[in-house]
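Visitor: Sequence:
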Amino acid sequence: MTTQLNNSALHDYLLRLADSSLTMGQRLAEWCGHGPYLEEDVALTNVSLDLIGHAHIFYQLAATLSQDSLTADDLAFLRDAHEYRNPIITELPKGDFAYTTLKQYFIDVFNLHLYQALTQSSHEPLSLAAKKILMEVKYHLKRSAAWLERLSLSTEEAKSRIQKALNDLWFYTPELFETDDAMNKLYEQGVIADYAELTTAWSAQVQKHLQHCELELPNSGWVATGGLQGEHSEHLGYMLADMQFLQRAYPNCEW
Numbered sequence: 063m064t065t066q067l068n069n070s071a072l073h074d075y076l077l078r079l080a081d082s083s084l085t086m087g088q089r090l091a092e093w094c095g096h097g098p099y100l101e102e103d104v105a106l107t108n109v110s111l112d113l114i115g116h117a118h119i120f121y122q123l124a125a126t127l128s129q130d131s132l133t134a135d136d137l138a139f140l141r142d143a144h145e146y147r148n149p150i151i152t153e154l155p156k157g158d159f160a161y162t163t164l165k166q167y168f169i170d171v172f173n174l175h176l177y178q179a180l181t182q183s184s185h186e187p188l189s190l191a192a193k194k195i196l197m198e199v200k201y202h203l204k205r206s207a208a209w210l211e212r213l214s215l216s217t218e219e220a221k222s223r224i225q226k227a228l229n230d231l232w233f234y235t236p237e238l239f240e241t242d243d244a245m246n247k248l249y250e251q252g253v254i255a256d257y258a259e260l261t262t263a264w265s266a267q268v269q270k271h272l273q274h275c276e277l278e279l280p281n282s283g284w285v286a287t288g289g290l291q292g293e294h295s296e297h298l299g300y301m302l303a304d305m306q307f308l309q310r311a312y313p314n315c316e317w
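Residue numbers (my numbering): 63 to 317.
Don't take every hint at face value.
What the hints assert, rightly or not - Restraint ranges, calculated between C-beta atoms of paired labels, are given here:
1) Phe-307 x Asn-246: 33 to 43 angstroms
2) Glu-102 x Val-285: 41 to 51 angstroms
3) Tyr-312 x Asn-246: 37 to 47 angstroms
4) Gln-66 x Leu-215: 51 to 61 angstroms
5) Leu-308 x Leu-215: 38 to 48 angstroms
Unchecked claim - Once the Cα atoms are required to be at most 20 angstroms apart in a straight line, the calculated SDA-like pairs of lysine to any residue come out as:
6) Lys-156 x Arg-205
7) Lys-194 x Asn-108
8) Lys-156 x Glu-219
9) Lys-156 x Gly-95
10) Lys-226 x His-274
11) Lys-200 x Gln-269
12) Lys-247 x Gly-95
13) Lys-194 x Gly-87
14) Lys-156 x Asp-74
15) Lys-200 x Glu-293
16) Lys-247 x Asp-74
17) Lys-200 x Thr-181
18) Lys-270 x Phe-233
19) Lys-194 x Gln-182
20) Lys-270 x Trp-232
21) Lys-226 x Asn-281
22) Lys-193 x Gln-178
Keep in mind that the hints were calculated from the coordinates and are not lab data. Ideal placement from N, C-alpha and C gives every residue a C-beta, glycine not left out.
Can you build the whole structure from these sequences, using the hints too?
Guide: Below, the structure is given as structure tokens:
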């Protein structure tokens with residue numbers, strides 16, 4: 063007997079994917095005009111545009127499952143911070159270049175394994191989206207992994223900044239793999255990835271590269287949580303105030 067797909071659960075999961083990509087893309091966009099040099103400034107902006115494009119895909123898919131006839135723009139620009147479902151790491155301020163590089167690397171490795179798994183989704187629109195996005199994610203990871211190695215194995219100043227970023231960001235990464243009952247049901251139906259397997263694959267790849275870069279993992283401690291339930295840092299509210307201003311000030315405006 064075929065189990066009926068829970069559209070509400072899938073809608074919420076698509077928002078998780080979209081919100082994560084949008085907030086990460088928005089933070090990277092803040093580097094436009096502020097990169098360490100012109101070529102890297104362009105690269106950061108291109109990755110930002112890719113991530114915002116990924117968010118658009120998932121918002122469009124979520125909108126088709128919405129009971130309120132919402133559009134992708136409505137989902138991006140007319141929800142408040144407590145309605146966003148991204149992990150907290152994606153909304154954190156961009157920090158310095160080392161901080162951005164390490165955060166992007168963590169997300170890129172996660173996205174690589176996530177979208178590889180989602181290409182096998184039993185929900186065809188999600189599978190097709192993952193196949194398209196995966197090609198870009200591979201480039202993102204190649205770039206961030208190379209920069210992480212370059213910074214870690216160069217000057218003492220660069221390495222100290224990367225290590226400082228690691229000491230801070232490491233405790234935000236477990237939230238990437240949090241699940242709930244609705245997600246577990248989607249996994250049982252073959253719709254989404256096995257997040258336990260994602261954890262194992264991510265940890266193995268990340269720790270191997272960090273060891274190669276001669277970086278030390280911080281001791282265990284506080285772990286971030288709550289973003290996937292709408293409990294965010296203060297940073298998200300400020301980000302959304304900037305990002306959503308035009309649409310809220312001039313409702314239904316179009317480019």
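Visitor: Next step is simple, just say for each hint if it's right about the structure.
Guide: Going down the list of hints, with the structure as the test:
no., hint, verdict
1, Phe-307 x Asn-246: 33 to 43 angstroms, "38 angstroms, holds"
2, Glu-102 x Val-285: 41 to 51 angstroms, "32 angstroms, violated"
3, Tyr-312 x Asn-246: 37 to 47 angstroms, "42 angstroms, holds"
4, Gln-66 x Leu-215: 51 to 61 angstroms, "53 angstroms, holds"
5, Leu-308 x Leu-215: 38 to 48 angstroms, "43 angstroms, holds"
6, Lys-156 x Arg-205, "17 angstroms, holds"
7, Lys-194 x Asn-108, "16 angstroms, holds"
8, Lys-156 x Glu-219, "19 angstroms, holds"
9, Lys-156 x Gly-95, "14 angstroms, holds"
10, Lys-226 x His-274, "17 angstroms, holds"
11, Lys-200 x Gln-269, "18 angstroms, holds"
12, Lys-247 x Gly-95, "44 angstroms, violated"
13, Lys-194 x Gly-87, "17 angstroms, holds"
14, Lys-156 x Asp-74, "26 angstroms, violated"
15, Lys-200 x Glu-293, "30 angstroms, violated"
16, Lys-247 x Asp-74, "13 angstroms, holds"
17, Lys-200 x Thr-181, "14 angstroms, holds"
18, Lys-270 x Phe-233, "18 angstroms, holds"
19, Lys-194 x Gln-182, "13 angstroms, holds"
20, Lys-270 x Trp-232, "15 angstroms, holds"
21, Lys-226 x Asn-281, "13 angstroms, holds"
22, Lys-193 x Gln-178, "8 angstroms, holds"
Of the numbered hints stated above, those contradicted by the structure are hints 2, 12, 14 and 15, listed in ascending order.
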